[in-house]
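*Asks:* Going line by line, the protein sequences match chains F and P. Read in order, the letters of the first sequence correspond to residues 470 to 580 in my numbering. Read in order, the letters of the second sequence correspond to residues 12 to 123 in my numbering.
Careful, some of the hints might be misleading.
Stated by the list, open to error - Pulled from the structure, derived: some chain F residues nowhere near chain P, Cβ distances all over 12 Å: (1) Lys480; (2) Thr484; (3) Leu508; (4) Gly532; (5) Arg552; (6) Val557; (7) Ala561; (8) Thr567; (9) Thr578.
Claimed, not checked - In silico BS3-like pairs for lysine-lysine, Cα to Cα no more than 27 Å straight-line: (10) P/Lys122 x P/Lys65; (11) P/Lys16 x P/Lys79; (12) P/Lys79 x P/Lys122; (13) P/Lys48 x F/Lys526; (14) F/Lys526 x F/Lys539; (15) P/Lys82 x F/Lys526; (16) P/Lys82 x P/Lys122; (17) F/Lys526 x P/Lys67; (18) F/Lys480 x P/Lys48.
Worth flagging that the hints you see were computed from the coordinates, not collected in a lab. Glycine residues also receive a C-beta, built at the ideal position from the N, C-alpha and C atoms.
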Amino acid sequence: DAGITQSPRYKITETGRQVTLMCHQTWSHSYMFWYRQDLGHGLRLIYYSAAADITDKGEVPDGYVVSRSKTENFPLTLESATRSQTSVYFCATGGGYTEAFFGQGTRLTVV
Amino acid sequence: DQQVKQNSPSLSVQEGRISILNCDYTNSMFDYFLWYKKYPAEGPTFLISISSIKDKNEDGRFTVFLNKSAKHLSLHIVPSQPGDSAVYFCAAESNNNNDMRFGAGTRLTVKP
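Isolated chain F (complex conformation) (with noise of 0.2 Å):
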């Protein structure tokens, strides 16, 4: 039971493609998150899910879609990728006032 899993772990795409991030959790936790980390900016929220088939924009959403059609999956997907998409992206659960857990994120070079 891994809780909270990512995929892929790593990977490389090319500008202008379109590349799908996945996120899988076995809690049922209402809340789930995305977010980018980046030097110098620390955590920055993309998008965040309330349930499913609920979902609002985070700070820096431009450039990415998601989808939550059941409560386990959330989905985040760049529709064009960019170079300035290069990051490492965290899927979260829980939060709602209290602890969130992570995912053990996603490393996406746009080359």
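Here the structure of chain F is known, so what remains is to put chain P in place on it, guided by the hints.
*Replies:* Only chain P this time, still in chain F's reference frame:
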């Protein structure tokens, strides 16, 4: 507009001494605050939290202090240990939307 700020990118302390990590926030709607610890190539892990109705919360060697009037919180680690060396993130939530916002992080190095 970064609503949670950690102005010290790094901190170095000697083993056994106190580490003090600081965090400031601008959004007065924040009412729940958390600290996370992150090792390289891993996701952040929860360390300690505090509600805005308190001004102090303690858990073993870790204590978080909240000064609401100054919109400032701090994490104290006493005594510091080499295994505490990591990046520490401050985070905040508000009642109206529960999206967690993070600071830029402070890299703590504890020297033996």
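*Asks:* Taking each numbered hint in turn, which are not upheld by the structure, reported in ascending numerical order?
*Replies:* Checked against the structure, the hints that fail are numbers 3, 6, 7, 8, 10, 12, 16 and 17, while the rest are satisfied.
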